[in-house]
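K.L.:
Each chain, letter by letter, is given below.
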Amino acid sequence: MLNFDVLVIGSGGAGMRAALEAVRQEGLSVGLMTKMFPTRSATGCAQGGINGALQNADPADSIEKHFFDTVKGSDYLGDQDAIEHFVSQMPDAIRELDYFGVPFSRDGEGRIAQRNFGGASSPRTCFSADVTGHVILHTLYEQCLKHGVKVLAEWYLLQVVADQGKLCGIVAYDLKGGRIVPIATKAIVIATGGAGRIYWLRTTNPFTSTGDGIAACFDAGIPLKDPEFVQFHPTGLAGTGILMSEASRGEGGYLLNNKGERFMARYAPEKMELATRDLVSQAIETEIKEGRGFGEGLSAYVQLDLRHLGREKILERLPQIRDLAITFEQVDPINEPIPIRPSCHYVMGGIDIIDYRTCATAVEGVFAAGEACCVSIHGANRLGGNSLADIVAFGKFAGKGAADCAKQRHGFSEGLVGQAARAWEEKFQAVTTRKTGASVVSIRDRLAEIMWNNVGVFRTGADMEEALKVVDGLIKEYQTVMVPDQNKIYNTLFVNYIELGSMLTVAKAVVLGALNRKESRGSHCRADFPNRDDAQFLKHTIVSKQGSTYNISYRPVVITKYQPAERKY
Amino acid sequence: MRKITYKIERFDGVNNFVQEYSFPYQPGKTILWGLITIKDSLDPTLAFTAACRSAVCGACAVRVNGQAVLACETPLDAILERFGDTLTIAPIQNFKVIRDLVVDWEPQAARLAEAKTWLQPRDEFDARKGCRQTAADFKKINTQAACILCGSCASECSKLSANDQDFLEPFTYSKVWKFVADTRDKSAAERIQAIQDKGLWKCMHCAECITKCPKGLAPGEDIARLRQLSIKMGYTGNPGARHALSFVKDIEDTGRLNEAKLQVRTIGLISSIAKFPMALRLLRRGKLNPFHFPGKVKGHEQIQAILKAVRESEK
Ligand SMILES: Cc1cc2nc3c(=O)[nH]c(=O)nc-3n(C[C@H](O)[C@H](O)[C@H](O)COP(=O)(O)OP(=O)(O)OC[C@H]3O[C@@H](n4cnc5c(N)ncnc54)[C@H](O)[C@@H]3O)c2cc1C
Ligand code: SF4
Ligand code: SF4
Ligand code: FES
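Sequence lines, in order, name chains B and H. Under this note's numbering, residue 569 is the last one in the first sequence; the count climbs by one each step, no gaps. Under this note's numbering, residue 315 is the last one in the second sequence; the count climbs by one each step, no gaps.
Among the clues, some could well be false.
[As the list claims (entries may be wrong)] Sample of chain B residues at the chain H side, in silico, Cβ under 10 Å:
hint, residue
1, CYS45
2, VAL135
3, LEU175
4, THR204
5, PRO206
6, ALA247
7, LEU538
8, ILE542
9, SER544
[Unchecked claim] Between beta-carbon pairs, the in silico distance windows are:
hint, chain 1, residue 1, chain 2, residue 2, range
10, H, ARG82, B, GLU64, 37 to 43 Å
11, H, THR86, B, LYS150, 16 to 22 Å
12, H, PHE83, B, GLY291, 38 to 44 Å
13, H, GLU114, B, GLU64, 42 to 48 Å
14, H, PHE83, B, ASN335, 25 to 31 Å
Because the hints were derived from the structure by calculation, they are not lab data. Nothing here was measured: the structure is a model prediction, and the numbers come from that model. Glycine included, C-beta positions come from ideal geometry on N, C-alpha and C.
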């Protein structure tokens, strides 16, 4: 049987940073497994930047300010001990990226340049032009090549195998080799990214963000934390959900409804278009709901108007936005407004981390980092630039945590891993030879539709009861879905089928978490409970699974320094 | 009703075959939309890769009527207008095909590692303090840092198609140049030396890599830059460098390199070293079309600079 001391699953920023940390620990065999080639990860999509109080742009910035901004941004749901630990690591973590070779934009003194970002009280977002995530991802990949990390590219995680609270190994599908493979491993780091695709076309995320690692851990008995908190970015392209960066509003873009009104005047008369992401998203959805949008149903939209900025400014400051609008909406913003609508951007919740220093989960040997997990430092709402920061900081801790754990572990059942792999062989046979049943695409699209309409920007108890019924129905249909492709080599349909299973699993946790949180906080906005309710809900939602039953419990938020206060900007 | 037809070159791991799919035209869509339409509603067994659908991950490069493009950002309307409503879609070339449009990157990753494409920070820097670099010096590596490893350049590289045993992928040379040009790096000399026997002088100046790159890189130019530096460092004894010297006269006569002439010369060079079959193969694949006069080669300033360096090194 293939085996590793530490196997990192997922090669975004979190996974590669974890693998690098683990190979540094002498004498361990370390693997990095990923479902596509390593540089195809969501981390590469991030443009804006990465937060750390380097004090280059503003000597008055401090770790303390980054700490408070993050606590406030989280709507007081972030654990303050973890946040403090996180922000204090960031300046070093960013300078280390520089040393690894990340080509950062520079200030007049040759230091890393920093820009302003939403929710930050000082300019502390470090960047590389408008491709920050891209260069971080590629630089970490270069480092993995340098350190000879064993990369299993185009290997797909099917299952995390645990026995009595202890990791035994995993089952993977080697796409290129066309085999289902059991792997025994002392420790794993799950760094498989987010699950924005539960909203399918209404997301800024790549096709691969299907929540695989989140679902695999959940099925292996690890709880999920705060799944109901899903961040929507106000300006996704109407047809594809592709992100129109916040810079478009920062530079002075207007939002217009079908009457040509700058409707933000109704919702945030002072800040207008520059209000926070959650607020602007809520305003746009209200306009559409009340009939002041363009188009209908899932394809309804409002307009982002840049024309008044003038040709010069658009070409100079927003060239990428213009290119994307032309390519994907056939609209040149110099002459026409861009059709936009909120788009699912980030999942704050995920695999429940119980020790932020090591990124350990409740199952011995299983660690997690990045968007797949919930530490929690983002609480109810993540600040822009804090996710890239999260993945490099916690990627490192998880790599170290897993390596230390691997050194101490011995004697666990490999037999179970083999058994699980054989069950997958049978499952492959069964689903690919089935002649009836719904298609993967049909279930996927119905899931996205109900999630968007009933568990989207606005939520109500009644809508979510309905969504729960539909999702349960889809989960049932999924048992008999048809996967008509028997070829084991690079079977992307089989992959899509497993991804759909992951999305259904995660979506149900999102609905349940949201249904039971009877308050509005951060990204979770309930029309039937419009206020934040600290007395009852200043606590983390913990969803766990027994058989096919989902159970909900709660855990207190760690508050050290900052008492909850009303969030005003 | 107007229909679009994709003729897709498929491979199931054993057999190669071409399969045709027709679906209703819709305005304002991309090549990738067509592939997804086929997979979602006509044939779920079709295999291809795509992730970001916004031209940043590099997963979706394919050949459309013989040209490497990113499927996700290539507008269908423009392509249909040029070629009509039937398109041939094939995997990118010079990679091993795994299935249908999916190619294997593992060998390419190994070759990247061979070329040691990572920063070797100078001794005055350390991991805790990071590095320093001026804004102007950052600009020198900004373009190369935009490479998304999509493989379009490698797909259309004439040299790789002819023989990939003594040449690396164009993007690899761009990466090497990125580190040579990076003021934070201490190993420029070592890199230049290492690249001498890794095909540095084998590039054919066909400029395919430059025209095909969706991110505005110019690997051919970066190769020219590497050569220039290499001559400056005194590596003049190899056939490639000597060949460069033979262009000196052209430059002196006309003040610049004539691209059409260069093309003829390249073919001349190939046949003169008894590789006529290869030239034919290139012709057949549409690589070297004698009737096609490409635009001015973007890198001609670099070529001139090489020549200047040659002359200096001879003083
Ligand atoms: C358009 C966009 C813009 C953004 N801009 C910013 C920004 O400016 N600043 C910021 O801080 N954040 C930004 N974010 C958020 C940030 O980019 C992500 O949250 C972060 O990069 C996630 O990193 P990760 O390492 O956790 O996961 P990812 O980068 O998503 O990587 C997940 C990895 O897991 C692999 N994987 C998944 N499932 C499996 C499986 N079953 N088997 C094997 N491998 C698997 C994938 O192939 C991939 O390699 C942005 C996000 C998007 C989408
Ligand atoms: S210019 Fe050189 S590297 Fe570029 S495609 Fe032609 S032969 Fe290949
Ligand atoms: S150099 Fe350009 S074409 Fe080549 S891999 Fe990089 S981005 Fe693609
Ligand atoms: S899908 Fe990422 S580049 Fe096309």
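K.L.:
What are the numbers of the hints the structure violates, in ascending order?
P.N.:
Violated: hints 6, 7, 8, 9, 10 and 11.
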